[in-house]
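We have chain F; now place chain E onto it with these hints.
Sequence order for the protein chains is F and E. Here the first sequence is numbered in the working numbering, starting from 1 and rising by one per residue. Here the second sequence is numbered in the working numbering, starting from 1 and rising by one per residue.
Calculated from the structure, these hints are not laboratory results. Where is the CB? At the ideal position from N, CA and C, for every residue including glycine.
Pairs of lysine-lysine residues, derived as DSSO-like cross-links and limited to a Cα-Cα distance of at most 30 Å, are as follows:
hint, chain 1, residue 1, chain 2, residue 2
1, F, LYS23, E, LYS27
2, E, LYS145, F, LYS27
3, F, LYS136, E, LYS4
4, F, LYS123, E, LYS23
5, F, LYS17, F, LYS100
6, E, LYS141, E, LYS16
7, F, LYS141, E, LYS27
8, F, LYS42, F, LYS225
9, F, LYS46, F, LYS94
10, F, LYS4, E, LYS23
Footprint (simulated), chain E over chain F, 3 or more residues, beta carbon under 8 Å:
hint, region
11, 15-26
12, 104-114
13, 143-156
There are 2 protein chains.
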Amino acid sequence: PAGKSADYVNTGTWAKKAFSEAKIVGKARLAGSVEEADGTCKRIPKASELDWDASAAYAHICSNNTIMGTQFHEFPDTGAVPLICDMSSDILWKPIDVSKFGLIYAGAQKNIGPSGVTLVIAKKSLIEAGREDIPKIFRYKEHAKENSLLNTAPTFAIYMMRNVLQIVKEQGGLPAMEKRNREKGALIYGLLDESSSFFRGPVEKESRSFMNPVFRLPSEALEEKMVSDAKKAGFVGIKGHRSVGGIRISQYNAVTVEQVAKFVEFAKGFAKANG
Amino acid sequence: PAGKSADYVNTGTWAKKAFSEAKIVGKARLAGSVEEADGTCKRIPKASELDWDASAAYAHICSNNTIMGTQFHEFPDTGAVPLICDMSSDILWKPIDVSKFGLIYAGAQKNIGPSGVTLVIAKKSLIEAGREDIPKIFRYKEHAKENSLLNTAPTFAIYMMRNVLQIVKEQGGLPAMEKRNREKGALIYGLLDESSSFFRGPVEKESRSFMNPVFRLPSEALEEKMVSDAKKAGFVGIKGHRSVGGIRISQYNAVTVEQVAKFVEFAKGFAKANG
Numbered sequence: 001p002a003g004k005s006a007d008y009v010n011t012g013t014w015a016k017k018a019f020s021e022a023k024i025v026g027k028a029r030l031a032g033s034v035e036e037a038d039g040t041c042k043r044i045p046k047a048s049e050l051d052w053d054a055s056a057a058y059a060h061i062c063s064n065n066t067i068m069g070t071q072f073h074e075f076p077d078t079g080a081v082p083l084i085c086d087m088s089s090d091i092l093w094k095p096i097d098v099s100k101f102g103l104i105y106a107g108a109q110k111n112i113g114p115s116g117v118t119l120v121i122a123k124k125s126l127i128e129a130g131r132e133d134i135p136k137i138f139r140y141k142e143h144a145k146e147n148s149l150l151n152t153a154p155t156f157a158i159y160m161m162r163n164v165l166q167i168v169k170e171q172g173g174l175p176a177m178e179k180r181n182r183e184k185g186a187l188i189y190g191l192l193d194e195s196s197s198f199f200r201g202p203v204e205k206e207s208r209s210f211m212n213p214v215f216r217l218p219s220e221a222l223e224e225k226m227v228s229d230a231k232k233a234g235f236v237g238i239k240g241h242r243s244v245g246g247i248r249i250s251q252y253n254a255v256t257v258e259q260v261a262k263f264v265e266f267a268k269g270f271a272k273a274n275g
Numbered sequence: 001p002a003g004k005s006a007d008y009v010n011t012g013t014w015a016k017k018a019f020s021e022a023k024i025v026g027k028a029r030l031a032g033s034v035e036e037a038d039g040t041c042k043r044i045p046k047a048s049e050l051d052w053d054a055s056a057a058y059a060h061i062c063s064n065n066t067i068m069g070t071q072f073h074e075f076p077d078t079g080a081v082p083l084i085c086d087m088s089s090d091i092l093w094k095p096i097d098v099s100k101f102g103l104i105y106a107g108a109q110k111n112i113g114p115s116g117v118t119l120v121i122a123k124k125s126l127i128e129a130g131r132e133d134i135p136k137i138f139r140y141k142e143h144a145k146e147n148s149l150l151n152t153a154p155t156f157a158i159y160m161m162r163n164v165l166q167i168v169k170e171q172g173g174l175p176a177m178e179k180r181n182r183e184k185g186a187l188i189y190g191l192l193d194e195s196s197s198f199f200r201g202p203v204e205k206e207s208r209s210f211m212n213p214v215f216r217l218p219s220e221a222l223e224e225k226m227v228s229d230a231k232k233a234g235f236v237g238i239k240g241h242r243s244v245g246g247i248r249i250s251q252y253n254a255v256t257v258e259q260v261a262k263f264v265e266f267a268k269g270f271a272k273a274n275g
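With the rest of the complex left out, here is chain F (with noise of 0.2 Å):
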């Protein structure tokens, strides 16, 4: 609103994105950035480095960078300042205590349903205090009032994300999810910790994403071979983001441990082959 500004985290591409948008509509300021030189992030600040507004109208990060391979493990506490966090590509990947966050929002297409839908939980005053100067589409308060149904609504992907959930209840929960995607992410940081002279991961440990697991080869043609080698035993869509290149291996809820651990055998096979 007028007189308020919001804060924002630069841990990458979509983050930034969010931050500049913001600032079209509104007053947004920097609390933090880990971004380098190169325009890379290879970590999630540490809770020190952010410098918080204690003012601010709202807190917003980006919980999984998907381009740049790393994941929020602990969220920051901004105090009475609502925390809002776009989870679109790690909700549900572990169990999550919504009550900390002001607002959440979500894209479907990594772990609730196919693309064309969007997650939205948020605390009723944050929405009921939100900016009417402002399309009435943008305003999740109107969302809320309309029950979801103030545009016409996307129903196939609505009705992909019904079923979505009904599988990930059927399969354990979200406790389930975890256990699994740990289980992968315990698979595929073990082939970098144990291969680190040929799979080097940029990525601080502690930062690093159990959805998007990025590394790099010793040369940009390695890289390009290991993508086209992968494509023949059956792997696809394992290059990096064309913006910061190398490989990423995409592992949302829908990809199984056994998948990962069939691409961890590759890799090794690889590695041995041109290492």
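Chain E in isolation, oriented as in the chain F frame:
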């Protein structure tokens, strides 16, 4: 843009909402309205009734009014002012000369495919001149620059749109759709004209919608009975919008001439039994 105003025409619920939203982000004025004291609109305004601002940034109309059952059958001449048209509920109903419009937008969920995606056809010069102080997601220029991949695309809805367009092509394209839609319109409006003592069409003849014919029965009790009897006979969704009441026959491209003919037969029987 600053210092400019946009013209809107109120022909019903959606046209009015567009006007109301425009006033939030800029200056907007009504070039005409056919809203009556009871909130309904029974016709499309004549060219002579529209008071266009020759210096407007654009002029906005809604080509088909689903709730009121009216439709533009001749598009207004706005001279040098770009005409923007919401064709959400009647795009693809017949061939349209898109070159006459500055911008056309259409939510897919009627004639193009499932809900969750919007088609936009725009003059490059118009979108290039768009404001840059609004959220990026609202700037058509940015969407065009990124080949419609500014945001994560709703892939399933786009895939279905591709399939629907393919089917429309296979069935003879838009000339075939127009022929079919005019036949459907002739059937329903034939019923209203022949049995006008029982089926009362509130809409002026020249403004009748080929997508959503609406009519009233002698009493609300009979309207309720018709909805209920129709359901038993296999016709669903014929209840008029709650804001206006009555009966509404939505006959988008996917509805066949045969289906409408069967409904008309049912309606004649209903009139005979209850008239």
